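Colleague: Okay, here's what each chain looks like letter by letter:
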Amino acid sequence: MAEITPTPVLDAATDQTLVINMGPQHPSTHGVLHLLLEIDGETIVRIMPDIGYLHTGIEKTCEAKFYQQVVPLTDRIDYLCPMTNNLAYCLAVEKLLGLEIPPRAQWLRVMLNELTRINSHLVWLGTHALDIGAMTVFLYCFREREQILRLFEAVSGQRMMTSYFRIGGVAIEPPLDFLGRVKEFNDAFPEHVDEYEDLLTHNPIFMIRTKGVAHISKEDALALAATGPTLRASGIDVDLRRDAPYTGYENFKFNVPVATEGDVYARYLVRVAELRESQKIVAQALEGMPEGPVKADAPNVVLPDREKMKTQMEALIYHFKIVTEGFTVPAGEVYQAVESPRGEMGYYVVSDGTAKPYRVHMRAPSFANLQSLRKMCEGRLIADVVAAIGSIDIVLGDCDR
Amino acid sequence: MALEPAITDLEQLKSHAEVACLLSWNAAAVEAAKFDRHELSIYVERTGLRGACATLKNDASLQYDALSDVTCVDWYPSDPRFEVIYHLFSTVTKKRVRLKVRLSDDDARVDSLTPLWPGADFFEREVFDLFGVRFQEHPNLKRIMMPDNWEGHPLRKDYPVEGYR
Chain A
1 MAEITPTPVL DAATDQTLVI NMGPQHPSTH GVLHLLLEID GETIVRIMPD
51 IGYLHTGIEK TCEAKFYQQV VPLTDRIDYL CPMTNNLAYC LAVEKLLGLE
101 IPPRAQWLRV MLNELTRINS HLVWLGTHAL DIGAMTVFLY CFREREQILR
151 LFEAVSGQRM MTSYFRIGGV AIEPPLDFLG RVKEFNDAFP EHVDEYEDLL
201 THNPIFMIRT KGVAHISKED ALALAATGPT LRASGIDVDL RRDAPYTGYE
251 NFKFNVPVAT EGDVYARYLV RVAELRESQK IVAQALEGMP EGPVKADAPN
301 VVLPDREKMK TQMEALIYHF KIVTEGFTVP AGEVYQAVES PRGEMGYYVV
351 SDGTAKPYRV HMRAPSFANL QSLRKMCEGR LIADVVAAIG SIDIVLGDCD
401 R
Chain B
1001 MALEPAITDL EQLKSHAEVA CLLSWNAAAV EAAKFDRHEL SIYVERTGLR
1051 GACATLKNDA SLQYDALSDV TCVDWYPSDP RFEVIYHLFS TVTKKRVRLK
1101 VRLSDDDARV DSLTPLWPGA DFFEREVFDL FGVRFQEHPN LKRIMMPDNW
1151 EGHPLRKDYP VEGYR
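If you read the sequences in order, they're chains A and B.
Position one of the first sequence corresponds to residue 1 (the numbering used here), numbered consecutively onward.
Position one of the second sequence corresponds to residue 1001 (the numbering used here), numbered consecutively onward.
Next comes chain A alone, as it looks inside the complex (with noise of 0.2 Å):
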C-alpha cells in the first residue's frame, strides 16, 4: 500500500505572499478546476492545479463491458466532442480486429467529426470571449451551435451524448434530407465565422486583454506535452489529421493554421482559422459523399440491420450473440491518437482476446494541455490566469476521466 502524501497545499514562501484557491466552483474555470495561487500582490508567484474533482474511474467502468459497450462511455469523457472520442476508441478496435471500413461510413465519420470540431470551438470562442468581457460573441456562437446540436439529434437521437459511431462503420444510415440539413447550415457559417471575427479580431479591449498574454515558448509547449491549437499557436506544425490521416482524412484537402507568437491571441487566431477549415473540410465531404453500406460486413461484429434481423434466422442468431456475450477481439495492443479539438485524442487498447478490453486507456488532451498553465501565469497577473485557462480550452471531464 502507498504511502498517504498530504494535500498539495503550497506553503508561502516569505510573509510577502499569500496562497489562494481559485475554484472548484469559479465561473472562468470551465468545469471544477481547482487552482492554487500563490500571489505576490496581484503577480502570481506560483500555480499549482489540483484535479480529480470529475474522476469517475472511465477506464476501469470499460474493463467490466463489452467492447461495444464501451462507446458509450466514451461520449462522456468530453461533452464537447463525443463522436471525436468515439472515433478514436472505433478505429482502435477496428485496428485490433483488423476491420475495414466502407467509404460511406469514413466520409459520415469525417464529416461528423468536424462538424464536433466546429461545435466545440464555437463553446470555446463564447466562454472565452465571455471570460474576457465580450459579451455578445456568447450568443452568436451558442446561436450556430444549436443548429449543430439540431443536426446531431437528427442523425443519432441525442444532441450531446451522440454514440454515433459504431465498432465496423456507423450505427444507421442518417435521414432522408440530412446531408441538405448539413449543407444549408455549412453554406452560411462562413459569414457567421466573419461576424465573430468582426466582434473580436481587432477589438482594441479583446487585443490588450490577449496579445502577449499568458505567452509559451515552442520547446516549452513541446516539452510540457501540450498539444492541438496550444502547440500549433506556438508555431509547431502538427495535425494529427494530415501527419497521420485516419478514417480518409488522406482524401481531402485543408490547410493547418500555425502562429508563431505563442500568446493567447495566436491561439484565438488559430482556432478561429480551424472552424474555417473545418467548413471545408464539410463541403468536400458533402459534395464527394460516397453512396453503400455504412457497415462494415462483419457479421460477428456489426448488429445488423432491424429488418434482415427480424427477416432472417441467421442474422437473429448473429445479434443475439453479439448482445448477449459481445465479440471476441485478437490479443494484442493498439494506440490510436485523432486530433480531437482540444489536441491529441489518443486511446491505447489492449486485448487479451476475450469479448471486453483488457485495458482502455485514454490520452486526454486537457490532462495534458493544462501542464502548460504554470509556465504561461506565473510571474503574471491574476486577471491573465483566466484569459490563460480559456486558451487552452479544457474540459474537465476529459481531464479527469
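Zero decoy hints are in this set.
Per the computed footprint, the stretches of chain B lying under chain A, defined by three or more beta-carbons under 8 Å from a beta-carbon of chain A, are:
no., region
1, 1029-1039
2, 1067-1074
3, 1093-1107
4, 1113-1126
5, 1141-1147
Pulled a few chain A residues facing chain B out of the computed Cβ check, cut under 10 Å:
no., residue
6, Gly57
7, Gly332
8, Ser372
9, Lys375
Cβ-Cβ distance ranges computed for the label pairs, FRET-style:
no., chain 1, residue 1, chain 2, residue 2, range
10, A, Arg306, B, Glu1162, 31 to 39 Å
11, A, Gly98, B, Tyr1159, 31 to 39 Å
12, A, Phe178, B, Leu1003, 33 to 41 Å
13, B, Ala1032, A, Arg143, 55 to 63 Å
14, B, Pro1139, A, Asp177, 52 to 60 Å
15, B, Leu1116, A, Thr324, 43 to 51 Å
16, B, Gln1136, A, Asn21, 27 to 35 Å
In case anyone wonders, no lab produced these hints; they're calculated from the structure.
Source: prediction; values computed, not measured.
Ideal placement from N, C-alpha and C gives every residue a C-beta, glycine not left out.
Once you've looked at the hints, dock chain B against the given chain A.
Modeller: This is chain B only, laid out in the frame that chain A set:
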C-alpha cells in the same frame, strides 16, 4: 484487411531504425521488440529506460521529441506484474514508437522521465495514483485523481469495479 502475424524476432526488426538505434546504444538494455498492427513496441530494461528515451530523443534522424503518453497495464497475477508504457512521437518525422518496461509487484519503481520531458509530470502522477508504480526522482509524486487519503490503487486488477473493497 486481414491481420498480419506479429513479428517478434529482434534480428528481423533491426530494419526499424528505432530498434537498430537502441541496439547500437546498449544491446543489453533491449529485452525484446514486437511489430504488430503496424505499431512498434520495444521492451526496455528498467534501468535503461531514461537512457533509451534520451537516445531516441537526441538521435539526429529519429528525433522523438515529444512524449505523447505514459500509462500502465496490470497483468495480475502473472509476474512481472506491471508494464509501464511510454508512447513517443516525433513532430519532425511524425512517427510513433512504444517503449515498455516490465516491473514486478514487490519492486514497482522506475526512473521518472521528468528530467527529459517536464510534461511527464501529470502522466506519471496518474500512473502512481491509479497503479501504485513509483517514479524515482519525480519532483512531486502525489495522488492526482483520487483524494489524498484514499487507500489502494483503483486500476489494479485486484481492486474491484464495484462494491466494498
